[in-house]
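Read off the chains here:
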Amino acid sequence: MFARIALAATMLSLSLSGAVAKSQDGASGSDDLVTSFSLENGMEVVVVEDHRVPVVQHMVWYRAGSADEPVGQSGVAHFLEHLLFKGTDTLAPGELSATVAANGGRDNAFTSYDYTAYYQRVASDRLELMMRMESDRMVNLRLSEGDILTEREVILEERNQRTDNNPRALFGEQLNAAQYLNHRYGQPVIGWRHEMEELDMADALSFYSTYYAPNNAILVVSGDVNPEEVKALAERYYGVIPANPDLPTERARSKEPPQNAERRLIFRDPRVAQPYVQRSYLATERNTGAQEEAAALYLLSELLGGGSTSYLSNALQFDQQVAVYTGAFYSGVSLDKTSFDFLIVPAQGVTLEEAEAALDATLVAFLEAGVDPEQLDRIKLQLRASEVYARDNVDGIANRYGRALTSGLTVQDVQDWPQILQSVTADEIIAAAQGLLRPEASVTGWMMRQEEGK
Amino acid sequence: MMRLSAFTATVIAWISLLALPAQAEIKINEVTSPGGISAWLVEDHSIPFTALELRFRGGTSLDAPGKRGATYLMAGLLEEGSGEMQAQDYARAVENLAASFGYDTDRDSLSISARFLSENRDEAVALLRQTLHEPRFDQDALDRVRAQVLAGLRSDLKDPNKIASQAFAAMAYGDHPYGSSGKGTIDSVSELSRQDIFAAHEAILARDRLYVSAVGDITPAELGALLDDLLGDLAATGAPLPGPADVAIPGGVSIVDYDTPQSVALFGHAGITRDDDRFFAAYIMNQILGGGSFDSRLMTEVREKRGLTYGVYSYLVPQDLAAVYMGQLGSANSKMAEAVSVIQGEWQRLATEGVTEKELMDAKTYLTGAYPLRFDGNGRIASILVGMQMDDLPIDYVQTRNDKVNAVTLEEINRVASEILLPEKLHFTVVGRPEGLIANQ
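Chains as they are written, first to last, in our numbering: chain R, 1 to 454; chain Y, 1 to 441.
Simulated from the structure, these hints should not be mistaken for laboratory data.
Careful: at least some of the hints might be erroneous.
[To be verified] No farther apart than 20 Å at their CA atoms in a straight line, the calculated lysine to any residue pairs in the SDA-like style are these:
hint : chain 1 : residue 1 : chain 2 : residue 2
1    : Y       : K158      : R       : P270
2    : R       : K337      : R       : R271
3    : Y       : K158      : R       : R271
4    : Y       : K27       : Y       : K358
5    : Y       : K162      : R       : L205
6    : Y       : K305      : R       : L143
7    : R       : K380      : Y       : P48
8    : Y       : K162      : Y       : A126
9    : Y       : K364      : Y       : L437
10   : Y       : K358      : Y       : E412
11   : Y       : K358      : Y       : V405
12   : Y       : K158      : R       : Q348
13   : Y       : K305      : R       : P270
14   : Y       : K364      : R       : E95
15   : Y       : K162      : R       : L143
16   : Y       : K158      : R       : A169
[What the hints assert, rightly or not] Not close to chain Y: a few residues of chain R, all C-beta gaps over 12 Å, as computed:
hint : residue
17   : E229
18   : G239
19   : D246
20   : Q412
21   : R438
Glycine is no exception: its CB is placed at the ideal position from the N, C-alpha and C atoms.
Work out the full structure, taking the sequences as your base and the hints as a guide.
Now the structure itself:
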């Protein structure tokens, strides 16, 4: 299967008020840069072309993240990510990164709830070398006990740096744990410290042998490459790796039960300088072939929290002046139910209780007032423009595909998304908001200052 | 979670200047407007938008005495209304054009990064012109943004990284503007008036310190007209720049007590300027010591072998008014003493033993090969081009830069290492409760 994806230039045409859309030369979207196909062993491939500079980004994404971890081993997906930079049969520990550097490139990797990804950015004539090394460590990892002990210290220091040294991160971790009653999204990607301290070689290798296989991976190559060349190289290096017949057919995860109780948290830490209220609601994610509700929620987050013209900012920062900052956040790219979050940082002299009440009253007022059509038009206009600006960063487009394809979406879903956003109506947004704002599916957290010595 | 996160924000903006695009294919032209304003341009009509970068030398160091934080707050207020439009009307106008205007300040400059579509370029530039020339600085906007700045300052007082950089800067630069945060203090920012904001605007938005670049869908003739329209009416001169800072960094360790599980450390001593003829040797030397790759000496010794940190880096900081050589890391309170000792040892080892031929070769291969990779987007290139102009580099620098890297010899790099690495003068400012680490400052 080797299909060049047709482009939707007219759908994405950028029609500014009063201006004629330049659909031919001025406003094509990013889809025309994208080609996708599959290898016989089940590995998917996405190529995003940009020939302005002789540079390529080579990424392999695995459908395996922290939410796929066994109970009791939180952090093992991320630990394994670190360990993949140790050796294989043919690569000494550290040699992969050193080889990338010796070729003038940079490499790194990242882990989230639904995926783990590895990438190199390098001159485009070095693509083959990257594939040779990346395909090697897909199945040939060799670890020593020394690797385990030292790298475990490194991830504990990473947890120190990201989380334990940062009260906002600690608060967020607690809030997230309260949002999910049973789903693994409630466990932090980095892991709980007490479980990280116990991770061992067997844990890492078990996760590796279960999930690291071509039929659970997506190759995403962006930059100065042509799809035929990528296909030939991918077949040579990844195509020869047998599919894992024992790969779980479904990403079996513990499901959320009905959420029936409004949850409230108070987090106190002497290192808190600026108290605030965060509210999170369990929210529908983007699902393949059914992204409309998620699109409405995304627009809702922009209407409520997208900058100084947003509804929350206008009401709480400009009119009532009870907040120094307000925000609304929603990321729909998620395999299972995601969250929709609000943040309000009260002005001096305003209590958390008053700030929370003002936030609630403003949300009620928004539902009563309905969507401001001009504001919705401005947001849609900017979304159309963002597709033009996105073409300046094909690695960003590559990431978009990697995240989507590891989160239950397809190439088609990614390409349909801009048009779905454009078609959302004001009524659909209000309906989505009413479905979202259920207290019994929410967590409200107060981040508070604790005076030292108490 | 990443295996290695990018440098944190404490690394000064100049670092991007070292990372210039190497493509011979990138053709940089100098454009001089009919009115005499010059800019560097990379024309690229493949995507219908333009990135325009304006940079004004001086930055927060131009704050008048007693007005610390005025430049920073002024920059934050540029997007809070201009002409007849108050803040939200102004924001809606920007949104209606799908343009973006970003404002940033550091010790040495005020940056204005604009991005606009070709199809409404004239309207976008007209709005940016009004932004620069007719800011409102309304009292209500001032009070609102001031409250945000004050909230940030209160947070900085509890942030170990910010505490470390403030303590290090105060020690290194004393009363010079570099010695305190450009955001100001809670007291100084609380006192700033509208008049102070207008004065800060007048001090920095002047043609005598302006650098411009544009990248994207615009021709030289269009850019020339744009420059005169946008910038021709700026004042000819702004406020005088302060003189150089006296860098005073005693060797040793100082500790700021703070109850947090991981200590953070900033370390450093005096450095070299960008126009020092040892700069390339020093730059390669730093790449080997702690320049951000996984296999630098510091990462190998502190992280890979001993698991003492998630990340440790070193970096040259050749600012306009002082040059230092810095590094940073975080390490658990129980481990920081060992990490400091390992870093001191590596500093000494490189100063006395130098680097190997293989390390030099690997670093050159990396630096020259990575150079083209920095060219990743119109806005990024525009930013690099103004940086080059501020560093007084020639317009053909991108063609010669890799040759300069390759020309450095083993003998030269090892001589430079012995000259600029000062193990006795290396100072560690540690924030936390590091066990067994003795402060001697």
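Do the hints match the structure? See the list:
1. Y:K158 to R:P270: Roughly 9 Å separates the two Cα atoms, so the pair holds.
2. R:K337 to R:R271: Roughly 32 Å between the alpha carbons, so the hint for K337 of chain R and R271 of chain R is violated.
3. Y:K158 to R:R271: holds, 6 Å
4. Y:K27 to Y:K358: violated, 34 Å
5. Y:K162 to R:L205: violated, 40 Å
6. Y:K305 to R:L143: holds, 15 Å
7. R:K380 to Y:P48: holds, 19 Å
8. Y:K162 to Y:A126: violated, 38 Å
9. Y:K364 to Y:L437: violated, 37 Å
10. Y:K358 to Y:E412: holds, 15 Å
11. Y:K358 to Y:V405: holds, 15 Å
12. Y:K158 to R:Q348: Holds, because 17 Å separates the two Cα atoms, which is no more than 20 Å.
13. Y:K305 to R:P270: Violated, at about 34 Å.
14. Y:K364 to R:E95: holds, 17 Å
15. Y:K162 to R:L143: violated, 38 Å
16. Y:K158 to R:A169: holds, 14 Å
17. E229: holds, 19 Å
18. G239: holds, 27 Å
19. D246: holds, 27 Å
20. Q412: holds, 24 Å
21. R438: R438 of chain R is indeed farther than 12 Å from all Cβ atoms of chain Y, at 31 Å.
Hint violations for this structure: numbers 2, 4, 5, 8, 9, 13, 15, all remaining hints satisfied.
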